[in-house]
Structure formats: C-alpha cells, structure tokens
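A.B. asks: Whole structure, please, built from the sequences with the hints as guidance.
Residue-level listing of the chains:
There are 2 protein chains.
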Amino acid sequence: MTKITKAACIGGGVIGGAWAARFLLAGIDVNMFDPHPEAARIVGEVLANAARASKLLTMAPLPKKGTLTFRNSIHEAVEGAEWIQESVPERLDLKRNVITQIDAAAHPHALIGSSTSGLLPSDLQRDMAHPDRLFVAHPYNPVYLLPLVELVGGKQTTPETIARAMTAVEQIGMKGVVIQKEIEAFVGDRLLEALWREALWLIQDDICDTETLDNVMRYSFGMRWAQMGLFETYRIAGGEAGMRHFLAQFGPCLKWPWTKFTDVVDLTDELVEKIGAQSDAQAAGRSIRELERIRDENLVGIMQALKGGNGGAGWGAGKLLADFEARLWADAEKPEADLGKAQPLRIIDTRVNAAWVDYNGHMTEHRYLQVFGDTSDGLLRLIGVDLDYVKNGHSYYTVETHIRHLGEARLGEALYSTCQILSVDEKRLQIFSTIYNADTNVAIATAEQMMLHVDSKVGKSVPALPDVLERVTAIAEAHAGLARPDGVGRSVGQKR
Amino acid sequence: MTKITKAACIGGGVIGGAWAARFLLAGIDVNMFDPHPEAARIVGEVLANAARASKLLTMAPLPKKGTLTFRNSIHEAVEGAEWIQESVPERLDLKRNVITQIDAAAHPHALIGSSTSGLLPSDLQRDMAHPDRLFVAHPYNPVYLLPLVELVGGKQTTPETIARAMTAVEQIGMKGVVIQKEIEAFVGDRLLEALWREALWLIQDDICDTETLDNVMRYSFGMRWAQMGLFETYRIAGGEAGMRHFLAQFGPCLKWPWTKFTDVVDLTDELVEKIGAQSDAQAAGRSIRELERIRDENLVGIMQALKGGNGGAGWGAGKLLADFEARLWADAEKPEADLGKAQPLRIIDTRVNAAWVDYNGHMTEHRYLQVFGDTSDGLLRLIGVDLDYVKNGHSYYTVETHIRHLGEARLGEALYSTCQILSVDEKRLQIFSTIYNADTNVAIATAEQMMLHVDSKVGKSVPALPDVLERVTAIAEAHAGLARPDGVGRSVGQKR
Numbered sequence: 001m002t003k004i005t006k007a008a009c010i011g012g013g014v015i016g017g018a019w020a021a022r023f024l025l026a027g028i029d030v031n032m033f034d035p036h037p038e039a040a041r042i043v044g045e046v047l048a049n050a051a052r053a054s055k056l057l058t059m060a061p062l063p064k065k066g067t068l069t070f071r072n073s074i075h076e077a078v079e080g081a082e083w084i085q086e087s088v089p090e091r092l093d094l095k096r097n098v099i100t101q102i103d104a105a106a107h108p109h110a111l112i113g114s115s116t117s118g119l120l121p122s123d124l125q126r127d128m129a130h131p132d133r134l135f136v137a138h139p140y141n142p143v144y145l146l147p148l149v150e151l152v153g154g155k156q157t158t159p160e161t162i163a164r165a166m167t168a169v170e171q172i173g174m175k176g177v178v179i180q181k182e183i184e185a186f187v188g189d190r191l192l193e194a195l196w197r198e199a200l201w202l203i204q205d206d207i208c209d210t211e212t213l214d215n216v217m218r219y220s221f222g223m224r225w226a227q228m229g230l231f232e233t234y235r236i237a238g239g240e241a242g243m244r245h246f247l248a249q250f251g252p253c254l255k256w257p258w259t260k261f262t263d264v265v266d267l268t269d270e271l272v273e274k275i276g277a278q279s280d281a282q283a284a285g286r287s288i289r290e291l292e293r294i295r296d297e298n299l300v301g302i303m304q305a306l307k308g309g310n311g312g313a314g315w316g317a318g319k320l321l322a323d324f325e326a327r328l329w330a331d332a333e334k335p336e337a338d339l340g341k342a343q344p345l346r347i348i349d350t351r352v353n354a355a356w357v358d359y360n361g362h363m364t365e366h367r368y369l370q371v372f373g374d375t376s377d378g379l380l381r382l383i384g385v386d387l388d389y390v391k392n393g394h395s396y397y398t399v400e401t402h403i404r405h406l407g408e409a410r411l412g413e414a415l416y417s418t419c420q421i422l423s424v425d426e427k428r429l430q431i432f433s434t435i436y437n438a439d440t441n442v443a444i445a446t447a448e449q450m451m452l453h454v455d456s457k458v459g460k461s462v463p464a465l466p467d468v469l470e471r472v473t474a475i476a477e478a479h480a481g482l483a484r485p486d487g488v489g490r491s492v493g494q495k496r
Numbered sequence: 001m002t003k004i005t006k007a008a009c010i011g012g013g014v015i016g017g018a019w020a021a022r023f024l025l026a027g028i029d030v031n032m033f034d035p036h037p038e039a040a041r042i043v044g045e046v047l048a049n050a051a052r053a054s055k056l057l058t059m060a061p062l063p064k065k066g067t068l069t070f071r072n073s074i075h076e077a078v079e080g081a082e083w084i085q086e087s088v089p090e091r092l093d094l095k096r097n098v099i100t101q102i103d104a105a106a107h108p109h110a111l112i113g114s115s116t117s118g119l120l121p122s123d124l125q126r127d128m129a130h131p132d133r134l135f136v137a138h139p140y141n142p143v144y145l146l147p148l149v150e151l152v153g154g155k156q157t158t159p160e161t162i163a164r165a166m167t168a169v170e171q172i173g174m175k176g177v178v179i180q181k182e183i184e185a186f187v188g189d190r191l192l193e194a195l196w197r198e199a200l201w202l203i204q205d206d207i208c209d210t211e212t213l214d215n216v217m218r219y220s221f222g223m224r225w226a227q228m229g230l231f232e233t234y235r236i237a238g239g240e241a242g243m244r245h246f247l248a249q250f251g252p253c254l255k256w257p258w259t260k261f262t263d264v265v266d267l268t269d270e271l272v273e274k275i276g277a278q279s280d281a282q283a284a285g286r287s288i289r290e291l292e293r294i295r296d297e298n299l300v301g302i303m304q305a306l307k308g309g310n311g312g313a314g315w316g317a318g319k320l321l322a323d324f325e326a327r328l329w330a331d332a333e334k335p336e337a338d339l340g341k342a343q344p345l346r347i348i349d350t351r352v353n354a355a356w357v358d359y360n361g362h363m364t365e366h367r368y369l370q371v372f373g374d375t376s377d378g379l380l381r382l383i384g385v386d387l388d389y390v391k392n393g394h395s396y397y398t399v400e401t402h403i404r405h406l407g408e409a410r411l412g413e414a415l416y417s418t419c420q421i422l423s424v425d426e427k428r429l430q431i432f433s434t435i436y437n438a439d440t441n442v443a444i445a446t447a448e449q450m451m452l453h454v455d456s457k458v459g460k461s462v463p464a465l466p467d468v469l470e471r472v473t474a475i476a477e478a479h480a481g482l483a484r485p486d487g488v489g490r491s492v493g494q495k496r
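Going down the list, the protein sequences come from chains A and B.
Just so we're aligned: 487 in our numbering is position 487 of the first sequence, and the numbers increase by one with no gaps anywhere.
Just so we're aligned: 315 in our numbering is position 315 of the second sequence, and the numbers increase by one with no gaps anywhere.
Any given hint might turn out to be false.
As the list makes no split between identical chains, a pair holds if one copy fits it or if it spans any two.
[Said to hold, decoys possible] With a cut-off of at most 20 Å between alpha-carbon atoms, the simulated DMTMM-like pairs for lysine to aspartate or glutamate come out as follows:
no.: 1; residue 1: Lys495; residue 2: Asp425
no.: 2; residue 1: Lys274; residue 2: Asp123
no.: 3; residue 1: Lys64; residue 2: Asp331
no.: 4; residue 1: Lys55; residue 2: Glu413
no.: 5; residue 1: Lys460; residue 2: Asp439
no.: 6; residue 1: Lys155; residue 2: Glu184
no.: 7; residue 1: Lys457; residue 2: Asp205
no.: 8; residue 1: Lys155; residue 2: Asp206
no.: 9; residue 1: Lys341; residue 2: Asp206
no.: 10; residue 1: Lys457; residue 2: Asp358
Keep in mind the hints are simulated off the structure, nothing from the lab.
C.D. replies: And the structure:
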C-alpha cells in the first residue's frame, strides 16, 4: 500500500487533537473539522505536548511536519483525505450521523476510523453507502505517546480494510492490534472497567485511600504490565510446570470469598466527594499540566528503556519505537546537497530528555557522549555505513575521544550537533563534532574522535569498502579547506 | 529503631527465597528453614537471579552480603532473628500452625511477617502468645525487583508493629504500603483478580487470544500504571474540570451493558487447554529462564528510567531506588585504609546492563563515560564532595575528558574501575581512570579528566574548601610516586 499523505480529523478534542498530532508528526497533512469555538486552542495545546514528547522520545529524523488546516464542514475536511478519523462525543446517534456524512463526502476508497471506546462498529456502519471501509481505531491517552490502537471491524467491514488500517497505523508509529470479534468496549476498556469497579469498592469501604491504591499498582504489577501482559507474566510465574499447571492451581481461587465484590458500586455523591478529596491530597498541589509533563517524561523514559530490552534487540513498546526509528532513518532524505559543501554537516537535532539530567536539572556528563555517538552514527549512515553494512561484518569503532565542556544544557533545551571530517585514510577516520544550544547557537561541547574501520567478525582493522571510502573522501575533500576547529589535537590540561 | 541484622525465613520457595535474597543483599544474615528436599537448589536459583538483577539495578555500594544458613527446625531458625518471615503454602491451618510455632520459639520482640496473599492476619494470629507483632507482609513477584510490600495488621496487631515493619522494609529497598482494614486478598490481589476474571472471559469467548490481550495491556495502560496508578491517571484525564467532574461523567458507564461480565468464568479443561496453547504460541519457543531474564532486565530499565523522572528528582519506584542508593552511599564504609596507599583507588564495581548494549550486545560508547563519571563521583565522595557539599553550592565540574577504548564489554560482564590522581591544585583536579574486565583484570578503557572546582551558584571556578583540599592532596601525595599511566597527556590520533 502506498503511504498516507493526507488525513482528516472530524472532532478535535483531546483524542482528535492527538490523532492530528500523530499524523502531522509523521509528515501527513491534516484537515480538521470541529465546530467547538475553542477547537483551535485545545488542538494547539495537544499539538504542543505531542511535539515536545516526540522530541524527547526519539532522535530519529521525523519527516517534515504535515500542515494542519481547519475546515468549515465535514464535506470540506474529507476532501482528498485517504484516512478520516472520527473523534466526536460518545453517542451512537451522533457518531452514526457523522460517519454517514463522512461516507457520503469521502472518496470511496478512503479509510474511515472511529475513535469510539465502546460502540459497536456494526452499529456505526449501518447507514453507510460504503460500510466495508469503516473500522474502530481506539487509541489510549496520551495518544501521542501510548502506541496502542485497537482495530475492530463490524459485520460489513472487509478484511482488506483491517489490513490497510494495520499498515496505516504503523506509518504513524502506533501498534495496531486486531480484535477478532466486536463487543462493547472491546478488550482494553473491558479490563480497565473490571479493575476500576474493584478499585471503587476498595475506596468506598475504606480499605485504603486513592494514593495507597495507586502505590500498590505502580510499585508492583504496573511495572510488570509495562513490558509483559497478564498471560506472559503468569506463564513465568507458572515456572517449568507450565501454563496449564498454573491455571489448574489458580482455578479454585476464582471461587474464593472475595469474588463477591463483583456487584457494581453505587457512585453516590458521597463516594465522588471522598475520591475527589483523596485525589486532591494525593496530588499535593501539583497541577494537571505538571502531572502531564511528569507522566509524559516517564512514558518516554520507559519506552526508551524498553528499546534496550531483550539484550539490546528491543522489547514491546521499545521494539516498536526502534522499528519506527529504523524506518525513519531509512526514509530520511540524505542531505546530499550538503555533502559537497565546505561546512560542517548538521547531524542531530534533539532535546534534553528527563532521563538525561541530574537532580540539578543539568545534562549528565555521559549524555554528551551519547549525542556525540549519535552524531558519529549519523555521519556513518551518510557515508553508507548503515545497518546492512554492519550486519555484513564491517563497521567503524571509536578508539579515542577527546571532549571539551564549554557550557551547560538543561532539561528540555533544544540541541543540535555538527560534524567535520578532519582526516581520513583507508582505515582511519578522524572527526570533530560540536553540540550547540539550538536557541542561541552557542557551542556547549566539542568532541574530537578517532574511528577505526574493522572487520567485526575477526575484530581486526581492515580498509573500508570502496563505496564508503569514496563517499567519506568526498566529504573530507569538501571539508579540507575549513579552518581546524579550536581544540583539535589538544590533550587534557594542555595550556592554550 | 536499630537496623535488622538477622532475619529468619520459614519456607523457601520462590517467595521465601526472594525474601532471603532481599535480606542477604542488604547485609542481613538469614536463617532458612524449609523441609522440602530441593529447598537449597530452589533458593540458590532465586539468589542467583536476585544477585544478577541487583548488580544491574544499582551501582551503589551494597553492604557486605549477609550469610545464609539452612536450619533443621523452626526453633533453630528463629534464634536471634529480629524479623521472621513466613512463606509456607497458602493454607490457613498450615500457616497458623507454623506462625504459632514461630511465636513460641522467637524472641518476644521479634517481628513476624506472613507472605500470605489472601488470608486475614486476625485468623493467623489467633493462637499466638504475642499476637501484637504479627503482620502480613505481602510482596509481588519477582520479589527481588518489584519493591511493593502490602503491610496489613490484624485485630491484635499494634500500630507500633506496623511502624517497625515500615522501617524494616525500607532497609531492604522495598516500599511498604499500609492497608487500613484487613480483607481477604488485601488491595493488589483484589485488583488483579478483577482484571483476571475479565481476561478469562475475553479468551473464553474468542474476542481475542492471549497475545493480543497482553499486547493491549503492555502497549497502553501498563505503561501508565508503571509510573502513576489508576486515580492519578484519571485525575489527568479529567483535566482542569477536576476529578469530581471526571467521576460524574464516568458514573453512567458503570451501568453500561458490558458490566454483565462480572460472573465468574468456569475454568474448564477446555479453557485451560485453550489458554495453554495460545500461551505456547505467544512464547514462540522462549524458555521460562529466557523470559525471566528479559522481564528482569526490563524492570531494571524501567526503574532506572523512573530514577530520572520528575526532572531528575526521581518518581515512583525510581525515586525509591534513588533514596535507597543515597542511604547506601551514606552508609558505605569509606576505604580510609586505601586512601594513603600508593595505588590507584578501586571505585566502582558494576555489571553491563541490558540498557547499555547495542544490538550486537556490546556496551555502547557513552556508557563507558557513564562508568567513568560514576568513578569520578566516587572519588569526589571520598574527598568529601558529597550531596551536602553540592547542595551548599560547591562542586567539581568536568571540563575535559580523553577516552581510549582498548577492548570491549558485553552484556552481563562484570567491570570495575580504578582512579589515580595525576595532579591537584586549589581549583583543578586531574585524574586518570581505568575500566577493567573484573574476570580477566584486563583494561578495556581509560579516561583522563580535568575537573574544575566551581561555585555553582555564580558559575565560576573558586578554590575548593580546606577540608576537601586536604583530603584530595593526601591522596595525590600517596599517588605521586606512581608511574604515569600509558596514555596520559595524549591527544587524539597522536603517534605512540
């Protein structure tokens, strides 16, 4: 399937706005229709959060951002859109009406997704002329960070539609999971609902307060479920005896006395006030904006940690991120035009991540070398040392690095790096990289590095392959006339 | 309260063994009693996993490991123990009998914790002579990594016992949460049970398979719950309108059609087989050991990521880890004896973490600088530049670093670092650190670094305070006679 280049968002609240952000950040133009008088403000706030989170999440080269255009009607909004996502309030009559209008106005092959968290796609598609292309695409908050989309077809949805939707969500960095049978609330919200009911009982009966309940979750099974789900976790718990044995043991527990708590709690004013007051105490004065920021930074940190999971191969949401980044790198336009210029190459654009700072909010020492490492990796990709080259047993290894710290970087600050080739021969490549504050263009650190081309199978230095040598030599020649940067050839503590 | 120095574990399965690991790694001696013929093997396996995970989790100086001794009876095991943890199978008569025996043999002031995941402490303490000191301490698997302990008292338990238990679990790096009222299954297992029942229905009715259900969890709310719980998450979802408004909106959903699924599913042989087969497919041939390893590395990565949360201040399980490490550093014996010796100081002992390797399983470039940074931090602590010194506005900043890579480090390999002082004056401190493979004692990387003593409030270099200068000068004098290490004063690419 060809890539989506234009999408429409019908409804632009927190969910619709986040869909727009996902599209725009993936380089897809978005037409938005939302009659709400404050739609532009609300969408703007979500977009700002999403852009910030995305910069923290990945250093990979996101495509040029798509263009967001507000339209005055559904009819105008869906024009030319290959994917139309409906995110209007959760009422069957309203959603069905909107979807039927979308269907009438859209190109017959356009995909139509609904963000409903509970309604059946068969009910939504009832009045459509082309019901085959309607599916539920149910995301989770914050949509711009959590990758899950439940994909659910109705009676008239074709398998081809679901297959196209799977490909399309991949393009925007999300994880599509197909739910086999449509039921109200699908899978995720069923599970959430079950746990939520039990939680309300526990608060109602004063077994614990909201903070204690939250702590019980986040210091224990929450961390299990961030990386493995329920069944894989219990598979491990079952040990060598196996899953069937574990289940057989578990069986009797289901009949234990506490299962009486399956009644639905009565959400009285009194219970609402109790939970409200406990939640206030728990927040300890933190605003929603502050909690959002903390949550987003934590989610970024978790996904980045999982990227290193499974012995560096990536796991769960981290593997998804790694795969997404690999596609971005593969798709990124090589700055061919820049390669011949007599100026250092601009390689990395990033932002100081929450996991990168010390308790003073300063970027930690080794994170500078992380950015320098990403910079040299970026240069290597430009000269053809990509994943395939490395998999075939050749690579450049850094053997020596000299770093000078000239300034500081703080949480959230935008940075970019440049790289200049100092010298190159068959086996050796000497480079000089600089990290700048992107707002002031002031250099905050430099690194001079010597890299050696190796045959990684035998662990010996060997000449680089001809294509790579040719490319790197061309850049080196373009850089030959540049002044030697301040600090080159310097040893630690040397007088200026 | 004074620290626990001796504990007893009665029952040594996966849970009892992990309690033993928590105690031992915190420097507490453990007496173990378990009549199972294979107890020593099972406990040994848990201890090995726990020791590995602990090395990956923290570089902080764990105290000298406690001593594990297997005893032949409850009576022998509890002798001298300040905390006795019962982890025998989940049957009231058995547990009550064991606890009554522990009570009779133990010192009357010893704490007695039960690992029960569901029984009421009031029922367990019924026949005790000193029922006031019995409490439930319910942990979560893997106990050596997940920090949660639910602390639940029975009718005869004193508040002082719960307070002492809170302090005691802190000593072993865990997070105690007090459950106000005893109910069967307490809080965590209630929530787990609710979600588990719903999950069984979803599989039974073929809405999805186990892998899809797991993916729904781990790509979405699992990551939310690793860092914020249910109520804090929904507080954010409620936005500026507030928690009470959110709840009022949510109310009607509780009456929606899908709440019919609160019946208890019948765990027939057929359902067990269905889940077993789906789980096999999902595991894709990965053994339990392999899944355990992946899970443990992911949990380590998540906790380390959360350590950087909240703008570097730490969040949730990461904040707990940071606080635990701060106490370890404060308690660590300073190697005063070594300070005067004419040999480089051994500073860091660590292991190559899953998050530190690239897809080839090699330690990533910038992680070397992380270990070197921890090494210079370690030296600074030795000379009195600790958290208080830094909070008072003085610190050493690294201004220049020269790294040589001499070898490679792979996932799980043990490393140590040494540090030699090359020169020091009022403001400057020049050091040379080396990272060794701990098994072969071969140097794999070196770093020469120049640090500058600064007044961090005004951002200017100033002389170090007299105490610090005195300590660092003493070490420098002891190192003065050492040979200058190979590589000192070297610039990048310089011929040997």
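A.B. asks: Does each hint hold? Answer for all of them.
C.D. replies: Against the structure, the hints come out as follows:
With identical chains, the CA atoms of Lys495 and Asp425 are at most 20 Å apart between copies only, with a shortest distance of 15 Å across copies and 30 Å within one. Taking the closest pair of Cα atoms, Lys274 and Asp123 never come within 20 Å of each other, the shortest separation being 37 Å inside a single copy and 30 Å across copies. For the homomeric pair Lys64 and Asp331, the shortest alpha-carbon distance inside one copy (12 Å) is at most 20 Å, but the shortest distance between copies (52 Å) is not. In this homomeric assembly, Lys55 and Glu413 come within 20 Å of each other (Cα to Cα) only inside a single copy, at 10 Å, whereas the closest approach across copies is 32 Å.
When the C-alpha separation of Lys460 and Asp439 is checked against a cutoff of 20 Å, the pair qualifies neither within a copy, at 42 Å, nor between copies, at 23 Å. In the homo-oligomer, the alpha carbons of Lys155 and Glu184 lie at most 20 Å apart inside one protomer (14 Å), although the nearest pairing across protomers, at 43 Å, exceeds that limit. Taking CA atoms no more than 20 Å apart as the test, Lys457 paired with Asp205 passes in neither setting, with 64 Å inside one copy and 51 Å between copies. Proximity of Lys155 to Asp206 under the C-alpha cut-off of 20 Å is restricted to the inter-copy arrangement: shortest distance 16 Å between copies versus 45 Å within a copy.
Taking the shortest Cα distances, Lys341 and Asp206 never come within 20 Å of each other, neither inside one copy (70 Å) nor across copies (60 Å). Only between protomers do Lys457 and Asp358 lie at most 20 Å apart by alpha-carbon distance; the minimum there is 16 Å, versus 38 Å within a single protomer.
Consistency note: the structure conflicts with the earlier hints numbered 2, 5, 7, 9.
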